[in-house]
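**Student:** The primary structure of each chain is shown beneath.
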Amino acid sequence: MRDFTYARAASVEDARRLAQQSGAMLLAGGTTLLDLAKCGVARPDHVVDITHLKGLDAIEVTREGAHLGALAKMSHVADDKAIRAEFPAVSEALWQAASAQLRNMATIGGNLMQRTRCAYFRDPNSFAACNKRQPGSGCAARGGITRNHAVLGTSSSCIATNPGDLAVALVAFDAIVHLGDRKVPVDDFFLLPGATPDREQAIEPGEVITAVSIPASAAARRSTYLKVRDRQSYEFAAASAAVGLDLEADGRTIRDIRVALGGVATKPWRAHAVEKALKGKTLEPETVMRASLLAMEGAIAQGDNHYKIDLAPRVIARAILKVGGLA
Amino acid sequence: MTPVAAKMKRGDSTDGGAASALGSRLSRIDGPAKIKGQARYGLEHHPANMAYAVIVQSTIPSGHIRAIDSKPAEAAPGVLLVITPDNVMPLKPITTWTGAPSSDKPYLALTREINFTGQHVAAVIAETFEQASEAAGLLRIDYEEKESIPSYDDPKSGAGNPLDAMAVAWGDAGRAFAEAPVRIEQTYRTPREYNVPIEPHGLVAEWQGDMLTVWEPSQWVNFMIHNYAEWYGLPDEKVRLISPYVGGGFGSKAFALGHGAIATMAAKMLNRPVKLAVTRPQTFTAFGGRPATRQTLSLGATKEGNLLSIVQKGANETSVDGVWVEPLASVTALMYATPNLSARQNIVPVNTVTPCALRAPGENPSAWGIECAIDELSYEVGIDPVAIRLLNYAEEDPHAKKPWSTRRLREAYEEGAKAFGWAKRNPKPRSMRDGHHLIGWGVAAGTYPVRRTAGEALVRIFADGRAEVASSGIDMGQGTYTILAQTAAEAIGMPVEQIEVKLGDSALPGAPVAGGSQLANLMTGAVHKAATAARDELIGLAINDPKSPFRELQANTLSIADGVISPPRGGESMSIAELLRRLGRDKIEVQRDTLPENANSAADKLATYNTITRMRSPTDGDYSLHAWCVHFIEVRVDEDFGTVRVSRVVSALDSGRLYNPKLAESQWKGGIIMGIGQALLEEGLVDPRQGRVINNNLGDYLIATNADIPDIEVISVGVPDFHASALGGKAVGELGIVGVAPAIANAVYHATGKRIRELPITLEKLLGD
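Top to bottom, those sequences are chains A and B.
According to the numbering used here, the first sequence is numbered sequentially starting from 14.
According to the numbering used here, the second sequence is numbered sequentially starting from 708.
Only chain B is shown next, with the shape it has when bound in the complex (with noise of 0.2 Å):
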């Protein structure tokens, strides 16, 4: 053992000492269910008398619909309904995420105002899914187009808005990149790249009087409730949406969406439930994903290596009528000290879609960038590359000049080095070969924030020995019905299989967006609050209540474990159900949320639940907050064909806590597989002059396969962190992804000498000499 693991109190099983059920690794609870098939998604609810809508897109980028015949398309064989910019129903405007009003005007779902290809135009409903796919052909539209902005790199574009609020600024960077001794100048590029979860968007609705159901996956169910509330000027409480799993969102099932407003219209217009499944191609424009970024990065150092100067110049795609930001300076003004950076970022309007978050929006371009960066220098240098960023560790937050609550980022780089067998590595590039292959090992760090918002949970204990765990959080495979099934095991002192965990229903107990990786800690907090005050009231009846057998014991002598109540030293014990009966009690029940206590009225409720306002920086207190890592990883380039196959990955992190080491670890490898897809394979194709994703299926936009995945090795450095969340996690879901791309282009320059700076790393941008 290191010294540095003799130190180390990670805060789950491997501590050893109680059968901690929190920090064991149990396997997912909803996962037998999945595998059998019974576990049932949103769109497979299927209502009596349910009829299917098919949404048509637009074939042009820009312009407008002169006119839409639908009556081809109205006679078809089982058509109920085509909608159309003609005949759509104009819904109230809502209130974004932001808790902004998102307009004074009507929301339309379709208009005639076109202004990327694949916008929705119009929907077919009808008796069957195959005659309202038919019948969508038979749309006949005209089509007056304009000249359109396919791409940030069409000069028509220009140069952007700039975006001045987000600018970060120390010292003069300038002129001391200017003055620097060593400079390095490189511009960095991601392209359009789309979250493609394989369970598709849809949802179906129905309307029962002026009540809405919607069965729709979601990561963020009182958001999208109140969504739809908006758009009909309903309460809140009209609208359920239930979403008991999620196949996968990555950022994009947080929202009602056009599709949402298109099949609860029709549900209405029609008065009977309508389903819409977003087809493949069409949810490459239906949402959404990150945009394409590019970063201009100056770094100025001494001949040491030390940085004194980061320029940044930044950019993304947006859309022409809407705003998406994807924050390029969130790594560059965090990972490392430097007296001087600058940092500044324009959004390019062009015709597509309005661009939506992926999986770590903003960490994980702006790692991109600046670890890329690093290793350049590195190399101008002399420096190995963990020794530069060794060199240059920030020992607190460079920004926000606050001490790091905990930042096992020395231990990370420690760790995985030692794993990888770093130590071992000549620093030359194409020093190593095996055949055909050039063999390169590189590094990059990576970071995500640890965002706090407020949570809330009920929990009942049942009479017949079960517990019962209920909150509108979801699960989208990351294990929340697992951890929170955990966290009330451990806070009553039950078998974690007696408890019982529901998800994903707006008539449960509220919760804040799954995303940002902030579940796990806030639901866990409000799990086991809730789970505690229930174990107390148990306490305080078992020793209270005349017919209790405790009657006389003092309440802090009485321990609960496996689900019975021991008296100290050994007296007569009973289950906690046993105990219920004989109180004549069928259930304990109590709901506890985490909201500040001066501030958890109902409004306050809705506002953490349905906004990002309570959102907790994570620079808000008096420590800056972060999980982080570190990314050793060994690739093969063939020589003469120029195809990159990653061969080892070892990574080291620092979420802190983890509540279970097996679902954690499963999240980051995870974020690491999708990094080497988004290193190696992702890229959104769009036609130059149609606008149109041409790779809009999952045959042609390739995300990595089994066979492009080795091993990894995943190590967790983290301790528990009380100042970043109740039970001590930082963030899991996110990090993971973040410095993938990296490690895998400098390890792409290890071995071949080449630098890429644009992902992804294809063949025949290695092909040339």
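One chain only, chain A, in its complex shape (with noise of 0.2 Å):
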């Protein structure tokens, strides 16, 4: 029998201080931690339920942005009234993620840390080697099927890709991560995973996720996210892209641009190359396309995954095109 204690949080300073302890979880949603548990992955030894914290499930969206607390439930910020005004990349991010009854149940600071599909990672029992399991142990995925894996991002040790849609309009839009009062821009959460590849975020023992910001701009209320998958509903991307943008008065000539990229990376991937290619040029289809291909510089295919090289950038052309009313 796997022992673990279980405490239910008082308090978020209640939950820091059981989250210190050595081999320490938080349980949320659950959606992660009983999958990777069942597993093997995930051994907790001390789960700290943290779902009946008071104050943490608020969404507000006020003039300076979206605030969105860190047990707020997927299903709710995506079917949010001002959410699908304001950002609508985010609430169609979520509602293209998982399933209906894993978003019912999944929360916004859950998603954050949910952990890759990679099939070597979640199989301990028939792949020892996984540096991101067991730092050192090698890297069962090369050499192995690698359909689903990263092309950017990756590093000798890891090529396990990122697996969220949230994550990706998060970047593209500069949200904040809120670890109580210490503030971390969520590209920076997220951590390329080099040779420490079992270090996926950037969050201490004893800290714990309050909520996700999102300042407000012209571009996150004119954006969209656009997943590609074989299957309809229930997939992780093929490749998807986080996309906004802001014209000036004439209506053509680009004054700002978002695009991140998810389903291809290591971490979701904002693509500032694109971004500068575009800003101040006009939206037409051609030069979209073309600034596109600038998120692949740096790719590097496994075989399986190559497919990923081409697709991404007609992902992040059409979603542009489309936010543009251009497609």
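These are computed hints drawn from the structure, not numbers from a lab.
Bear in mind the structure is a predicted one, so any value in this text is a computation, not a measurement.
Beta carbons: idealized from backbone N, C-alpha and C, even for Gly.
Accuracy of the hints is not assured; some may be wrong.
One side only, chain A facing chain B, incomplete, derived with CB under 7 Å [as the list claims (entries may be wrong)]: (1) HIS80; (2) SER139; (3) TYR320.
Dock the two chains into a complex; use the hints.
**Tutor:** Right, here's the structure in full:
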């Protein structure tokens, strides 16, 4: 029998204190923790249940931006009227994530903590080598089936794809992760694997995600999330793009543009090169398609996943043209 | 109404006439219990003092176990027993479903020899499932790995073993192909596909003395008790298997499997009930799914599109220690008239679990090949894909050279094409688009044989006005409970609500496998016979018993309707219940079987119910018996992303008479939905080094979701076929899937101009220019 302690945190302070214990994990929606515990990947010594904490499930949208409590359910945020109006890409990313059952359980904070879907990571009984699970043990994915693995941000130690949808939209719009008083830009919150793929988020033991805030912007207001996959529902992205667009008064010159990618990289991937190439340019298909190719600079295929290098720029271009009213 | 429809008598409620219980669109009578959670499945049985078994599977594809250290597991809390190859109970060899002995050696459910990744190597039994699961991870297994053959694409696998006995040939196909004015030659492939029923496999086993009771989902109760009985050297009566509900099987729940041996022996060794639920990942190797197949088809034709020759060279994967044949010529040699044909097939042993039956084994991949190839030929000669199929229409069975009993395939093309609007189709690929979507229309035909085995049923009519039908045959969602109630209601003349049907228990009269799409036909036949005999007995009593008010009447003048017996010309009528009460009878009980009268001994019955040796082939007799279908499918392919969505399906199907059109339509649609998944999503991904199916869960092994399925229109073009079955039905359950994948691939070609000859049609196959 695998024993662990279970404690229901009475307050955020209490949760922080309990989470400092060695081998502690927080339980929110449980959709990742229970899943990984069943696979034998997560083996917590202490489970700290934060689901009953009050005041962490708020969804507030003001002129400054959105404030999403860490315990807000994915489905509630997805369906929130103000989020849909001010941050359509966020709502769309949530709607296209997971399944209805999972969205009803999973929380915004937990969503940022979800782990990769790499089959080699998820199967410790069959594959001993996984640097993400066991630093220094190697990478069983290399040389294996890599159709869903990353082409961007990989390292010699890890090629696992970050599976997030919401996180892609958050990265595009410069969201901030609130760890109590410590605030981390979401792009910094997610870490490249480098030599330490076991460390995926910039969160320290004893820290608790309390909220995610997204600054309001014209680009966020005019945004979309486009997710491409073989199955229409309940599948991780082959490639996805969160895109926001702000046009000058002429309706065709790009004042601001945000582009982030999912399904192709080891972390939610902001495509700064695409943004830079398009800022100040006229919105028209050929320019957009040429610029979108820049997102794949430095991409490395692992065999089965070469198609992602072809696919991702097309997804970006379509999303930009769609939000610009040209597709 | 078209001329075709005007002539048609379907034998169902659409014919009008009497309020016939059989043929009406009754909803599933087991539905409410399932929706309310009141239907108890095998694994929900919970006897007192039950222990839990958890299986451990090998992590190497080939080799042997040097040693297993089970001490840490045995010392773990709650652990009662660890079974390994060192202490596994040798069981007696069983007789296979073909009636042949499996081996002359004892059956070992766990061995040190490893032939595939995911082979069962040990089991841990503990007081709780959690304790057993945790201890299962504590086994120390020392493997010595040998070189393995991961798939038949590995050069080490070679060409495999030819199946000469299955070769089909007429004319001189090689020469006719070589000399044909038009030739196409292509290879079509399907990957490993898995049954993944939502109810996982597993059982609860309990011994009481030498009597074994097993609660386990089953498609074939009588064969499975025979398996268990033979393993333990018992007569079949000493084993009872209870399977009232089955959450899907698709061919995978017909045999007692390794986990069944492990659970029953654990229950025996511990002398307490044991539950073993195979985990979802373990199901991918606890039994086999459909093997990978490949077939090279060479079609020779005239410039006008008349087939001159079909040459097929096929292969399917099998295991290194077992044989599974996926008959790839079953549709190839049946669908079209051709003067020359040659079909040969190899099986290629690789390090995998032995594959097994998955919905329409054989017909499914066979239709995938020929129905894509004929489409390619239609483009080669410039003829409409429906027209080329009608041009080469087989007026009789081209292989058996016998007339079809019924083949309403022409009507299927006609009705399906009309409902779909096929006449408006521009044959040119890439000729239809809607924004970024390239739209394509494809067609393909399918077929499934009518298999015939005898059955048996018990019918009781009680004095309280109810009746009961009993059989060991099962309902896995296809509607057996419902149609047997309808059959009995019609034969006796009772309201269907008054009929209770008991199924899936080996204590009830025997039945052959719920597979090969035969159960509905054979069980309606048996129930009709038994219920008619019960009615006759009732009428016999009515006219003979001194206490009966109908004493003076003739047998053939009484009528029974709605549970009421009426004399002719408006005399006093009386309910069945009232009559039985007046006669002082608590019930009438009749058991009948449909075995031949000269071969219905106890031994004949056993052979009928626990082997397939008494199953009649579709060409045994004067006719060739098959069900037929045509699928018309529209796809939308994103021109930039390569994603394929099915946007419209119209299928016309000839399954003969439908005993319950609502349930038959649901079965057809289920098959079509599974076919959409097969065409676009399903593929077992096997690690090339380690042999593991890495997408061994329902998050990663993709089957179609609701969002992937458009409205599906199904049209019945069948008529009662009394050569095929007692009450006129043909195959339903396995028919619907056959031909769906090629119809989609053909539609994808029409949309994009790209031929995808390897399933599934995933986006990367369409991405390139």
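**Student:** How about SER139(A): closest beta carbon in chain B under 7 Å, or not?
**Tutor:** 5 Å, holds
**Student:** Hold the hint about TYR320(A) up to the distance rule: shortest CB distance to chain B must be less than 7 Å.
**Tutor:** 4 Å, holds
**Student:** Hint HIS80(A) vs chain B: min CB-CB distance below 7 Å?
**Tutor:** Hint violated; HIS80(A) Cβ to chain B Cβ min 31 Å, cut 7 Å.
In terms of the numbered hints stated before, the structure departs from hint 1 and from no other.
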